[in-house]
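**Q** Please build the complex by placing chain B on the supplied structure of chain A, with the hints as guidance.
Spelled out from the first residue to the last, the chains are:
Number of protein chains: 2
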Amino acid sequence: MINAFDSGKLDHLPDATAALIRRRERVLGASYRLFYDDPVYLDRGEGVFLYGPDGAAYLDVYNNVPCVGHCHPRVVEAVTRQMGRLNTHTRYLTDMVVDYAERLTALFPASLSQVMLTCTGSEAIDLALRIARSHIGAMGVIVTENAYHGVTTAASELSPSLGDGVPLGVHIRTIPAPDSFRDDPETMGETFAAHVRAAIADLKRHGAAPAALLFDTVFSSDGVVTDPIGFIKPAVAAIREAGGLFIADEVQPGFGRTGTAMWGFARHGVEPDLVALGKPMGNGTPIAGVVGRPALFDEFARRTRYFNTFGGNPVSCAAALAVLDILRDEKLMENAATVGAYMRAGLRDLAKSFERMGDIRGDGLFIAAEFVSDPVAKTPDAALAGRVVNELRQRRILISASGKAGNSLKIRPPLPFSTEHADMLLDGMKAALAAA
Amino acid sequence: MINAFDSGKLDHLPDATAALIRRRERVLGASYRLFYDDPVYLDRGEGVFLYGPDGAAYLDVYNNVPCVGHCHPRVVEAVTRQMGRLNTHTRYLTDMVVDYAERLTALFPASLSQVMLTCTGSEAIDLALRIARSHIGAMGVIVTENAYHGVTTAASELSPSLGDGVPLGVHIRTIPAPDSFRDDPETMGETFAAHVRAAIADLKRHGAAPAALLFDTVFSSDGVVTDPIGFIKPAVAAIREAGGLFIADEVQPGFGRTGTAMWGFARHGVEPDLVALGKPMGNGTPIAGVVGRPALFDEFARRTRYFNTFGGNPVSCAAALAVLDILRDEKLMENAATVGAYMRAGLRDLAKSFERMGDIRGDGLFIAAEFVSDPVAKTPDAALAGRVVNELRQRRILISASGKAGNSLKIRPPLPFSTEHADMLLDGMKAALAAA
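From first to last, the protein sequence lines stand for chains A and B.
Each residue of the first sequence is one higher than the last, beginning at 801 in the working numbering.
Each residue of the second sequence is one higher than the last, beginning at 801 in the working numbering.
Just so you know, the hints here were simulated from the structure itself, not pulled from any lab data.
From a predicted model like this one, the values you see are computed outputs, not experimental measurements.
Think of the CB as a built atom: it goes at the ideal place given N, C-alpha and C, for glycine as much as any other residue.
Certain hints may be false.
Heads up, simulated DMTMM-like pairs for lysine to aspartate or glutamate below, C-alpha to C-alpha not over 25 Å straight-line [unchecked claim]:
(1) B:LYS1204 to B:ASP806
(2) A:LYS809 to B:GLU1099
(3) B:LYS1033 to B:ASP984
(4) B:LYS809 to A:GLU902
(5) A:LYS1152 to A:ASP895
(6) A:LYS809 to B:ASP984
(7) B:LYS809 to A:ASP895
(8) B:LYS1178 to B:GLU1220
(9) A:LYS809 to B:ASP1098
(10) B:LYS809 to A:ASP1098
(11) A:LYS1204 to A:ASP1129
(12) B:LYS809 to A:GLU1099
(13) A:LYS809 to B:ASP895
(14) A:LYS809 to B:ASP899
To give an idea of the chain A side of the interface with chain B (calculated C-beta under 7 Å), a few residues [said to hold, decoys possible]:
(15) ARG823
(16) LEU893
(17) LEU907
(18) PHE908
(19) SER911
(20) ALA954
(21) THR974
(22) PRO976
(23) PHE1097
(24) ALA1151
Okay, chain A solo, but in the shape it has when bound:
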């Protein structure tokens, strides 16, 4: 795992931190891993800041879940109000789930007019897979080579970024992700589509067939690839020619983070068949879902009984509705565009005098800075990226790394991030680069 704490190294940590880690390791399964060489102990959050029990403030430039800011009072109030009034499931009639579904689907193209709500992005991906596979009558799914789509059995079988310990499914095919730092922008889209076609051919050669092409529309875990706009079109066309569906994983880019559009697919001018939503949807309250074409949902419902006990509960919907209100009222998508552009320009300035920061890319407040040991050969340098992440942490600035080689910084703050906050990051980055 990128940026993982080695639990053998407790000795140099503050006593309170080490003591809590020891308690954690006794009662939580060993899969629980901490970030950083020096893990961050948190007690409080507000806006784009997190605070330790000692009052130390950390600038959050990493967390996309609290998209409208940590502990936003309007979300807290909406949840408190609804929790004190009614929290039940969708086999009774309640206003809240319908109000939210109407508001949410209004943000999509007309063809994607219905939603099914779950609690996590993993559940949303898993449901989208069930719908697509049932519709096509085939199990094949094509994903990128460092994709991450979730932790259910089915989602993990098509999440190669989880590593060799998690076997890919028999009918899963991986293809190289687009790489705007190394590929020719003129041909990148066609190359990606050619990989899709090759995977389709390979599935067919094995007597299988593709149900879907599934990718994150900003390729987060493949290192963040956003441009050129429209480059995903040929790949989407290729899966449709073969009779398969295109499932957009919007768990990362969704809800305005890219600044350019509410959804990553919309930036590129394509319409998916199914869209999986997650992380930022409820600002931390567990809610996720699948938006899609009614014909697909109708067919699935005819064949299959599906009910998600907590999915669409009024409290989660109240949180999610407040998020939509805040995104609109505080113009956070617009802010993401402005501040993101400012931050990328600042990072590019820094890169001029630090040539091993070889590429700055992204859109809005989803930014990657890629480190290389040789700027000409573009050789990935994960160790350097890791040192920068930990140097920033020592300066109380939280980010992480991403990509197949783990050599790209992942810069992805809560959306109320201002140019002042960007300056704090840029100052910290300058010092971190000097020290790393």
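**A** Then chain B, alone, in the frame of chain A:
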């Protein structure tokens, strides 16, 4: 689906209800189904009552999720306080997840000393399957013939109650559930174990092997089977003889509902290898998890990276901690034992003059009343059960039905259910039986 509304029959409904159903059908996927011939429109909940927008009060004798009562003020307060303070994930250190994990695991046998937290029971079952299958190195799972274990791809493949439209997995074997109404109590446990052994033999005959025996320890969807105490022991021994694990699905019986013990497996004096928890855990706040033996978690972590973004977040843990406090302070397990016994006695009295209510069974506040067309032949009568459910709904008492034939009433109220509430149910039941 049992007790489902037929969406073609809108005309006889109140205008506001019909209007909301029409809006719902436009924006929610067709899988969303409502209960009852006359769906219930809800606006508010408190304790064991739910209220419509018109103020009409419904006695809730069905919902197990709000286990400490609808909108319990201590849960609302705990969530409000934590949401305004910090909500983040487990890759940072926070107190709340450790505090909760310590409190939760203290309620288990010493061998089951660790937990991994998820958001839903489906995710918990799916994770338990991943751990078991990875440990054993085999895919086989044995479940009961009308089992329900969740809606992820992997969970649905071993949930035969979802119907023929959801194919069982290749290595899933179903066995007849125990049936305390028809089986000889002296041999029921051995018969159940013999079915387990036969399924193991069949898996082996197909070149496969059993990873686990998985069942709900009160067999909720098989019609609720709780007695005789200890009858599951031979089946658990059978899977272990074959080298497989026993996974207890405690999503339904867990957290004291049976009155006799905190967990269904504990009633029977067995120790599972893994335990899946869900629904009542956070009183409606999405939280679930797997409790198990540390050696299993250690092995899984060595092989597999697993992280659940919302799993173990401080807000969900605060809700779950409040639930444990309330269960203890309000002595709700003890209440379940007392009121459950009172209710079963009252139902048995009613059955004396209504012999088609052929069996009353269960423990604590998990009770089934089984309807038959012929009390001697014990022929299931689902239509009668359905009429009773709808007659009760007309009297504003909410229950549902269960079992392979759908002929058993499922009586499963929030735990602060008093003898006065039981009297309301019994009066309503008497009238419903007369009218059905």
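**Q** Hint by hint, note whether the structure agrees.
**A** Okay, the hints, checked on the actual structure:
no.	hint	result
1	B:LYS1204 to B:ASP806	holds, 21 Å
2	A:LYS809 to B:GLU1099	holds, 21 Å
3	B:LYS1033 to B:ASP984	holds, 16 Å
4	B:LYS809 to A:GLU902	holds, 23 Å
5	A:LYS1152 to A:ASP895	violated, 55 Å
6	A:LYS809 to B:ASP984	violated, 59 Å
7	B:LYS809 to A:ASP895	holds, 20 Å
8	B:LYS1178 to B:GLU1220	violated, 32 Å
9	A:LYS809 to B:ASP1098	holds, 18 Å
10	B:LYS809 to A:ASP1098	holds, 18 Å
11	A:LYS1204 to A:ASP1129	violated, 37 Å
12	B:LYS809 to A:GLU1099	holds, 21 Å
13	A:LYS809 to B:ASP895	holds, 20 Å
14	A:LYS809 to B:ASP899	holds, 23 Å
15	ARG823	holds, 5 Å
16	LEU893	holds, 4 Å
17	LEU907	violated, 12 Å
18	PHE908	violated, 11 Å
19	SER911	violated, 14 Å
20	ALA954	holds, 4 Å
21	THR974	violated, 17 Å
22	PRO976	violated, 22 Å
23	PHE1097	holds, 3 Å
24	ALA1151	violated, 28 Å
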